[in-house]
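Order-wise, the sequence lines are chains A and B.
Okay, so the first sequence: first residue is 1 according to the working numbering, each after it adds one.
Okay, so the second sequence: first residue is 1001 according to the working numbering, each after it adds one.
Calculated from the structure, these hints are not laboratory results.
All C-beta atoms, glycine included, are put in the ideal place defined by N, C-alpha and C.
Be aware that one or more of the hints could be misleading.
Said to hold, decoys possible - A few chain B residues facing chain A, derived, Cβ under 10 angstroms:
| id | residue |
| --- | --- |
| 1 | Leu1402 |
| 2 | Ala1407 |
| 3 | Gly1416 |
| 4 | Val1427 |
| 5 | Leu1438 |
| 6 | Gly1471 |
Said to hold, decoys possible - Pairs of lysine to aspartate or glutamate residues, derived as EDC-like cross-links and limited to a Cα-Cα distance of at most 16 angstroms, are as follows:
| id | chain 1 | residue 1 | chain 2 | residue 2 |
| --- | --- | --- | --- | --- |
| 7 | B | Lys1110 | B | Asp1479 |
| 8 | A | Lys156 | B | Glu1440 |
| 9 | B | Lys1306 | B | Glu1363 |
| 10 | B | Lys1434 | A | Glu157 |
| 11 | A | Lys156 | A | Glu109 |
| 12 | B | Lys1435 | A | Glu159 |
| 13 | A | Lys374 | A | Glu442 |
| 14 | B | Lys1434 | B | Glu1363 |
| 15 | B | Lys1435 | A | Glu157 |
| 16 | A | Lys437 | A | Asp303 |
| 17 | B | Lys1372 | B | Glu1448 |
| 18 | B | Lys1110 | B | Asp1303 |
| 19 | B | Lys1434 | A | Glu159 |
| 20 | B | Lys1372 | A | Glu157 |
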Amino acid sequence: METIESIRPLLALFLPLTAAFLILFFQKTPNLRDATSFLAAILTFLIVISMAPVILSGRTIEYTLFNTLPGVPFKFRVDALGMVFATIASFLWIFASVYSVGYMRSAKEHAQTRFFASFSVSIFAAVGGAFAANLFTLIVFYEVLSLVTYPLVYHKETEESWQGSKKYVVYLVGTSKTFLLAAIALTYYITGNLDFSDQGLLANTSASPLLLTVVYICFMVGFSKAAIMPFHAWLPAAMVAPTPVSALLHAVAVVKMGVFSVLRVIFHVFGTKLMAELNLGMATAYVVSFTIIMASVYALTQDNLKRRLAYSTVSQLSYVILGAVLLTPSSMIGGIVHIANHAFSKITLFFCAGSIYCAAHKTEVSQLSGIGRKLPWTMTAFFLASLSMIGVPPAAGFISKWYLVIGSVEAKEIPILIVLLTSTILNAAYFLPITYKAFFEEPNDHHSGGGHGHEGDIKEIPMVAIPLVLTAIISILIGIYPNYFLSLAKEIVIR
Amino acid sequence: MIEAVHNSLGIPILSIVTFLPLAGAAVLLFVRNAGLVRWIALAVTVADFLVSIPILLNFDRTTYHMQFVEHYQWIPSWNITYFMGVDGISVLFVFLAALLGWICVVASWKAIEQKVKEFMISLLVMQTAMIGVFCALDFFLFYLFWEAMLIPMYLIIGVWGGKNRIYAAFKFFLYTLAGSIFMLIGIIVLYFAGGETFDIIALMQQKFSLPVQLWVFLAFFIAFAIKVPMFPFHTWLPDAHVEAPTAGSIILAGVLLKMGTYGLLRFPMAMFPYATSYYAVPIVVLSVIAIIYGGFLALAQTDIKKLIAYSSISHMGFVTLGLFVLNATGIEGGILQMLNHGITTGALFLCIGVIYERTHTRELAAYGGLAKAVPIYTTFLAIFVLSSLAIPGTNSFIGELLIITGAFGFNKVFAGLSIIGAMLGAVYLLGMYKKIALGEVSSHHIREAWDVDGREIAAMAVLALFVFWIGLNSAPFLDIMHVSVNHLIEQMNTVHGYYATIK
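Could you put together the complete structure from these sequences and hints?
Encoded structure:
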C-alpha cells in the first residue's frame, strides 16, 4: 500500500485551532468572531475533502510530527476510516456554525466567545482523533475533546448544568484514567508500540487469550464516549448544554469519537481475525444489542425532547459497533456508513429541538401539539430525519440498516436480526408520535408553559431554520447517492 | 580504576554551575538595597540556568560513563577527592535544579518583604548544595553537599514560613537529620568494606558480601525514603509544605524530593543489586500504598497547599514504583517522572503562591470564579493541573504510562492497583480546579485580584513549554538517560548472576 507524506492533515488541524485563538481575539466584535467560525469551518472541510481522492484510490497520507516514546511517534495518518469521521465532523461544522450564531443570538446566551472558541477546539480535537496514526495520538485528542467540551456542557452555569457537567467529566475522564490507561499500558507492554495496523496491532503476539480479553474489555469501557451501557449516563446528562452543542458535539463529534475509537480498536488494534479467534465479536454483539433495545425503551419514556434524542443516540451508536463486531463484510460496511448516516439525521433532529426552543421555548414532547403549523420547515425536517433514523427508504438510515440486516444474515445470527427489527419498531414508536402531534393535534394551551400567551409570536428563525433544512435534505440525498461513504467503508473492509 | 572519563567542554563547567550561586551569595553580603538584591539574585540564577544548558546540549548520549569530570586530590590521608561528574541520570537533575532556581527567585519577588537579603542568600546557598549533590562522585563531598542543604532550608521554612513555621522547620530538620545519620553509617561501612575509598564509581564496581549488601541497603533506603518521602516516612512533608514560603515549597517539591529517589537510584540500586532485587517486592508494596493512600489523603484536604503536598506523596509513589519494578521501561519512566514532577508540582506551588499574594488565603472554600477574574492565570493553572493528573499530551502522562507499563512487566496486580491512584489524582485535581476556577467570583479579594505580571508569565510559560515538550516529544529526554539506565540494568543482571553462583 502506497503512502504519501503530506502536511495536509496538519493543516486541517491547524485551521480550527487558529480559529479558536482568533475567536478569543475578536471577542469585542461578534460579527467578525462568528464569521471566523464559519470561514474556518469551510476551509477545514475543503482541506479534509481534498484528501479524499487519494484515500479513495487506496493510498494513505502520513505526517510525523514528533518522536514521543520508543516505537511511539506523535503522528498523523489519514486512511478511509479517519476520512469518514473527519468528513462528517468538518462538513457538519459548517452548518452548525451558522446554526449556532442564530441560536446563541436569538436565545441571548452569555459567554458566547467562550462558547465559539471551545467549539472550534472541539473540531480540532475531532479531526485530530480522526487522523491519529496510533493509540497515543488518538488519546491525546480524545482527552482534549473531553476537556474542551466541559465548558460547553456547564455553559449555562446553573445548578442543573453543574450537576450534568460533573457527571459528564466524571464518566469520561474517570473511565479513561482507569480502563483506557490500563489498556494502553498493557498494549504497549505486549507489543512495544502503539501503531494502528491493517492486520491488527495485537495479532501475532504471544500474549495469552485471557490477557488479550482483559485488554479488550479495558478498551471498550475506557472509550466510554461510545456510550455502551452501562457507561452511557454521561450522554443524557450532557443535554444541559445549549442545543448546538448537543447537535454537533453530542450527536456527532464526541460520540463519534467514541465509536470511531472503538472501531479503531476492533479493526486496527485487534484486527478482525483475532476478534474472531477470541470470540470477542459475538460477545460484544450481545452487549450492544442490549444497549440498542434498552436505550430505545428509555427513549420511549422520555418526555424531554433532547433527552429522548440522547437515548436514541445511545441506541444508534451501538448499531455502529454491532456492525463492526459481526465481522462480516456487509455488517462492517453497514456499521461504518452508519457513522455518517446517523450524524446527518441526528444533527437535524437536534437542530429542530433547538429551533423549537428558540422559537417557542418548548422543551417537552407533550408541549408540541400543533407546533407544525407554526414551524412547518422545522417540523418537516424533523419528519424527514426521523424517517432516516427509522430506516425508511430512500433516507440515509435505510442504507446502513440494509447492510446491517444482510450482515446479520451472513453471520447466521437470527437473534441479532430480531434485535434490528425490534429496534426499528421502537424507533418508529418514539419518533413518529412527535410528528403526528406537531401536525395533527390541536394546540393545547394549558400545557405550553413558557410559551403561553405568545402563541402568535412563534415563527421560524431563518439562521436556525436554513441549516436544519439543508441537513435534512442531505440526509435524504446520501440515501439516494451513498457512494462516497460506501466506497470509503469498502476501502476499510477489503483490507 | 576510573574508566574513560572525559570532559568534552574543557572547562570545569560542573564546578561553575555548582558554585556560581554561592559566589552570588557572597556578593549579596555586601549589598544593602533590597531591590538590588532581588535583581542580583535573579541575574545569578538565570546565569546559572544558562550555564546548565550547554551541559545538556554537549552531553554525549552514547555512553554511560561520567562526563564533564573534574577529579582532584583533596585530603589524601583519608583518600578524599574532589570528584564531580554527571551521567545520563544526574545531568537531568542538574538542569532541573538550575531551571527551578530562577523560578524560585521570581516566586519570592513580592512574597518576601522581610530580610530579603538573607532570604536570597539562603536560596543561593541552597542551590549550590542541591546542584552539588547531583554532581558529587565522592561520598565525602556528597555528604558535605547533602548536609549543606539542611541549614538554608531550615532557615527558609523557619524564618520566612507561615504561622506554625517553627514546628514545621524543626520537624523537617529532625526527620532529615535522622535520615542523614543512617546514611553516614552506611557511608562509613562502605568506606571500610570497599577498601578505604569514598570514590562512588569505584564503590559501584565492588562486589560486597551479602550481609553488607542487605544491611547497608537498608540504611541507605531509610535515609532516602525519608527524603522522597515514602510511606510511612511521609508525615513531615505536608507540614513543611504548608508552612514554607512559595520558593521553599518549589525547592522542596521540585528538587529535594528528587534527591531521595536519585539517591536510591545512585547508591543502593547501583551498588547492591542483590539487595535491590531482594527488597524489591516490599518496596513496590510501599510505593503502591503511597500512591493510593496519598491520593485519598489529598482527596480529604481543604487547604490547597496541603492538597498538592499529599498529591506529591502519591506521585512520588509512582516514581519509586517505576524504579523498583527493575526493568528499563519502569526505571526510565521513574526518572522521567522525577523530572516531570519537579516541573509540574514546582509550577503548581508557584501558582498557589501567586494567588496567595492576591487573596491571602489557601482555603479551597474561599475560592471560586478565578477564571472570570484572572483568565491568564487560570489558563496556566489549568495546564499544570492537567499535567499533574497526567492527561495524555502532557509530560506526566508519558512518565505514568512508562511506569505502569513497566509495572505490568513486574506484577499485574500491583500495576492494576496503582491505576486507582491515577484515577484519584483526576478526582482531587479536577475537583480542586473546578472549585477555585469555575463558577461565580466568590469574594471581593478575588474580584480585586490582578492578573499575572510579565515575570510570572515568563516563569509559568517556560514551565508550560516543558509540560508540552516532554508530553509530545519526550524522545530527546529519554535518549539522554537511556544508555545510563541500560548500563544500570546490565550491572544488576551480571552482578546478580555472580551472587547466584556464590550462594
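inquiry  = Let me make sure I understand: some of the numbered hints might not hold for this structure. Which ones are they, in numerical order?
reply    = 7 and 18
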